[in-house]
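My request is simple: use the sequences and hints to build the entire structure.
Just so you know, this note's numbering puts the end of the sequence shown at 414, numbered straight through with nothing missing.
Wrong hints could be hidden among the right ones.
Derived pair list, reagent style DSBU-like, types lysine-lysine, alpha-carbon separation capped at 35 Å [stated by the list, open to error]:
no.: 1; residue 1: K90; residue 2: K157
no.: 2; residue 1: K89; residue 2: K47
no.: 3; residue 1: K377; residue 2: K326
no.: 4; residue 1: K47; residue 2: K152
no.: 5; residue 1: K167; residue 2: K60
no.: 6; residue 1: K395; residue 2: K377
no.: 7; residue 1: K339; residue 2: K300
no.: 8; residue 1: K246; residue 2: K298
no.: 9; residue 1: K47; residue 2: K90
no.: 10; residue 1: K339; residue 2: K374
no.: 11; residue 1: K90; residue 2: K254
no.: 12; residue 1: K254; residue 2: K97
no.: 13; residue 1: K341; residue 2: K374
no.: 14; residue 1: K395; residue 2: K167
no.: 15; residue 1: K322; residue 2: K254
no.: 16; residue 1: K90; residue 2: K73
no.: 17; residue 1: K167; residue 2: K90
no.: 18; residue 1: K175; residue 2: K164
no.: 19; residue 1: K347; residue 2: K377
no.: 20; residue 1: K339; residue 2: K395
no.: 21; residue 1: K152; residue 2: K73
Per label pair, the in silico range of CB-to-CB distance [to be verified]:
no.: 22; residue 1: R125; residue 2: R173; range: 24 to 32 Å
no.: 23; residue 1: E108; residue 2: D241; range: 31 to 39 Å
no.: 24; residue 1: A24; residue 2: R114; range: 30 to 38 Å
no.: 25; residue 1: P76; residue 2: K262; range: 56 to 64 Å
no.: 26; residue 1: P49; residue 2: A371; range: 40 to 48 Å
no.: 27; residue 1: D98; residue 2: K262; range: 27 to 35 Å
no.: 28; residue 1: R114; residue 2: L153; range: 24 to 32 Å
no.: 29; residue 1: L406; residue 2: M22; range: 54 to 62 Å
No lab work stands behind these hints: they were computed from the structure.
All C-beta atoms in this analysis are idealised placements derived from N, C-alpha and C, irrespective of residue type, glycine included.
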Amino acid sequence: MRALSHSSISLYLECPLKYRYKYMDKLPEEPRHFFSFGKSVHSALEFLYGVKLPPPPSLDQVLDVYRKKWLPEGYKDKDMEARYLAEGERIIREFYRTEVPKFRPPLFCEYNFRLQIEGVPVTGYIDRIDKLPDGKIHIIDYKTGKAFDLGRMKSDPQLALYQYACRESLGLEAASLTLYHLPSNTPFTVGGYSEGFEEGVRDRVAAVARGLTDQAFEPDPDDDKCRWCDYRKPNPAIGFKGCPAWRDEYASPEEKCETAYGNVDITCLVDKYGELKAKARALDDELKPVKDELERYFREKGYRKADGTRFRVTCDSKEKWDFGEKDGEVKRILEEAGLLEKVSSVSAAALQKLLKDRALDRDVREALESLGEKTVVRTIRYSALDKEPGNGD
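Right, dumping it as structure tokens:
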């Protein structure tokens, strides 16, 4: 198995088929200006922090490297490229003005780690690692894209992977981690991630490895996500037919009608389906008040079944709990009761299962129920009187 990286892990979890096209089939992608821009700025900062001893390179030297390392691919025209070139110079000047007065050579610049996670090879590059006076480290990752907030930092799998990699590869603990948003010259910093969060990162690696081993490469189509995907459209120049999830958009009328079992008048079939669904919706509107009245009847009487002359209806009830944004309070109650390990996660499904446990301590039950909102969901099924109950409605 090829070594995984944060980018390839994220891509597989986003769309397994896109991972296959990019990393296994090696299908070409259109160059993107934001990748070129980010790499160009990173090259300049790598030069700035690449010195072994002070003083750092001058601003003019850093800007000179930036221009020499400039990547022109992906810009739609020269005007756009010139604007980004100037923006990069502005970013570097601001960064230099802010950071060079406190300059110290880092422990590592562009540190390349390679390790095994759950038996899976994982690799990556860390922009910068600073050594702190107490022997711990500060991990810095530069970002040139859209703005973000501290909320992203609290659950960033990339930084958590870097923290784990530094402990495993260098034997060093991260005291702090920073995503440095270069366009706004803003560092966002958090303390080290918990062991539980690191475990989630390892679970991501294991999940991707299982998918690759099982050859699971199904597409995961989404209008917004797929809009800019290079693999959506056919590419006749390389014999690529396009993503199967979107192939209907580019098929000829003849191709749309051809099937393994003969030609299908797909236009007529679609229209017929639409007509029947419209009738079904009209019947649903007629059915709703009848269903509501049945639910009121079963709720008041406490019955589970009722018979007509030809049909029987059965009403099944299920309690559902919603704890909203009270995860922290719920977790505290479970910890104090020694029950946190009993639930796989502080989720509605896990808590509903716990509340159904008749052995649950009464005080714990009351404390949990006071935080949640209970609703009763009723499902009505029907059947002919001489048959078993049918599908729910």
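Consistency of the hints with the structure:
Annotation: proposed proximity of K90 to K157 holds, straight-line Cα distance about 33 Å (limit 35 Å). Between K89 and K47 the CA atoms are separated by roughly 29 Å; this keeps the pair inside 35 Å, and the hint holds. At most 35 Å may separate the alpha-carbon atoms for a hinted pair to count; K377 and K326 meet this at roughly 23 Å. With a CA separation close to 39 Å, the supplied pair K47 and K152 exceeds the 35 Å bound.
Annotation: proposed proximity of K167 to K60 holds, straight-line Cα distance about 15 Å (limit 35 Å). For the hint linking K395 to K377, the alpha-carbon distance of about 13 Å falls within 35 Å, and the restraint holds. In summary, the hint linking K339 to K300 is supported, as the alpha carbons are separated by about 30 Å, within the 35 Å threshold. Under the criterion of a C-alpha separation no larger than 35 Å, the hint pairing K246 with K298 is consistent with the structure, at around 28 Å.
Taking the CA atoms of K47 and K90, the gap is about 25 Å. The hint holds against a cut of 35 Å. Of the pairs offered as hints, the one joining K339 and K374 holds, with about 12 Å between alpha carbons and a cut-off of 35 Å not exceeded. This hinted pair checks out: K90 and K254 have alpha carbons roughly 32 Å apart, not beyond 35 Å. Note on K254 and K97: the hinted pairing holds, with a Cα-Cα distance of about 20 Å set against a maximum of 35 Å.
Restraint check for K341 and K374: the C-alpha separation of about 10 Å stays at or below 35 Å, so the hint holds. Note on K395 and K167: the hinted pairing is violated, with a Cα-Cα distance of about 40 Å set against a maximum of 35 Å. Among the hinted pairs, K322 with K254 is inconsistent with the structure: their alpha-carbon atoms are about 59 Å apart, more than 35 Å. The suggested pairing of K90 with K73 holds, with an alpha-carbon distance near 21 Å, which does not exceed 35 Å.
Taken as a hint, the K167 and K90 pair is honoured in the structure, with Cα atoms around 22 Å apart against an allowance of 35 Å. Between K175 and K164, the direct Cα distance comes to roughly 16 Å. Compliance with the 35 Å bound is thereby established for this hinted pair. For the hint pairing K347 with K377, the CA-to-CA distance comes to about 20 Å; that is within 35 Å, so the pair holds. The suggested pairing of K339 with K395 holds, with an alpha-carbon distance near 10 Å, which does not exceed 35 Å.
Of the pairs offered as hints, the one joining K152 and K73 holds, with about 13 Å between alpha carbons and a cut-off of 35 Å not exceeded. For R125 and R173, the Cβ-Cβ distance of about 27 Å falls inside the hinted range of 24 to 32 Å, so the restraint holds. Distance hint for E108 and D241: a CB-CB separation of about 34 Å, consistent with the stated range 31 to 39 Å. Checked against the hint of 30 to 38 Å, the C-beta distance between A24 and R114 comes to roughly 37 Å, which is consistent with it.
A C-beta distance of roughly 57 Å is found between P76 and K262, which places it inside the suggested range of 56 to 64 Å. As the Cβ distance of P49 to A371 is approximately 45 Å, the hint placing it in 40 to 48 Å holds. Checking the proposed 27 to 35 Å range against D98 and K262 shows it holds: the Cβ atoms sit about 31 Å from each other. Separated by about 27 Å at the C-beta atoms, R114 and L153 satisfy the suggested range of 24 to 32 Å.
For the hinted restraint 54 to 62 Å between L406 and M22, the CB-CB distance of approximately 59 Å keeps it satisfied.
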